[in-house]
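If you read the protein sequences in the order shown, they are chains L and C. Each number in our numbering corresponds to the 1-based position in the first sequence with 914 added. Each number in our numbering corresponds to the 1-based position in the second sequence with 285 added.
One thing to keep in mind: the hints can contain errors.
[Stated by the list, open to error] One side of the interface only, derived from the structure: several residues of chain L facing chain C at Cβ under 7 Å:
1) 927
2) 928
3) 986
4) 996
[As the list claims (entries may be wrong)] For lysine-lysine, the following DSSO-like pairs were computed, each having C-alpha atoms within a straight-line distance of at most 30 Å:
5) L/917 - C/296
6) L/997 - C/366
7) L/974 - C/413
8) C/296 - C/413
9) C/413 - C/295
By construction, these hints were calculated from the structure, which means they are not laboratory data. Just so you know, even glycine gets a beta-carbon here, dropped at the ideal spot from N, CA and C.
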Amino acid sequence: MKKMPLQCPSCTHHLEVSELSCTNCDTKIVGRYALPDLAKLHPEDQDFILQFVLNSGSLKKMALQMGISYPTMRNRLDDIIGKLQTITIK
Amino acid sequence: MKTIFIDPFKKYQENTLFIIGTTSLILGSLLAYLLFARFDGVLDLHFVPHITIWQPLLDNIINTSVLTGILFMIAKYINKKTRIIDILNSVLIARIPYYILPLFNINNYIADAGNELANAIIPNSAIKPEDISIAALLIIIFFAILTITVLIGYITLLYNGYKVASHAKGAKPIILFCIAIIAAEIVSKMLITAIPY
Chain L
915 MKKMPLQCPS
925 CTHHLEVSEL
935 SCTNCDTKIV
945 GRYALPDLAK
955 LHPEDQDFIL
965 QFVLNSGSLK
975 KMALQMGISY
985 PTMRNRLDDI
995 IGKLQTITIK
Chain C
286 MKTIFIDPFK
296 KYQENTLFII
306 GTTSLILGSL
316 LAYLLFARFD
326 GVLDLHFVPH
336 ITIWQPLLDN
346 IINTSVLTGI
356 LFMIAKYINK
366 KTRIIDILNS
376 VLIARIPYYI
386 LPLFNINNYI
396 ADAGNELANA
406 IIPNSAIKPE
416 DISIAALLII
426 IFFAILTITV
436 LIGYITLLYN
446 GYKVASHAKG
456 AKPIILFCIA
466 IIAAEIVSKM
476 LITAIPY
């Protein structure tokens, strides 16, 4: 699957969805839709959040699974929280 | 490989680090007892003529506790989520290189060379500076370079552990870290001197 661009390659401003299409019948919807805040994160950060939810929010479990220490895992979460706070303020 | 020696705190779980750290503290203290070394301060190592088995062990316990306490206070100030176990592990692991230093005093080489040098410096001493043997001088220079290298390793490990534990970023945590080291050195030195053991 192609990596979704998050910033305009020309002016670096954030991007919006302007077209949606049905994967079954190919119906197209044109409009201006803001991306959900989580979708504005980098794919690695989105994957981290997904794993966090799948592990019932247990950073300890995730740390063991990924083979890294608990504080490293918590620091990563804090970084993502910081990014999300910046996104929501914008 | 780099992670193991420079930044083990990113990868290894707290239990592993704690077991390795405490085992090293005990073995390091035993080695220091066998080779007449005292860790009489967070950054100190001195060779002494007489030693009891408890002295290096208590030195290390005091140094580890003082450094952990002071570093934890500043880490908590930087990030409220900092856990004491992560700071304790940073101190325990960072001190491992220091425990190896007494090994170089096998046969009392360092202590003898140091005494020879110290006696030559004393005014009106029977031994003059020109009487210092080249061997003693070389031993002292080698040990000085080795100690500085180990000290750099110790501080690097400690800073990396503190950085991971407190999620420190920017210049302020670095300044606070330096202040904590100096404060810990003063407090540990005072405690080790004041407590009779």
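Problem set entry | Those earlier numbered hints the structure runs against, lowest number first | Per hint list: 1, 2, 4, 7, 8 and 9 violated.
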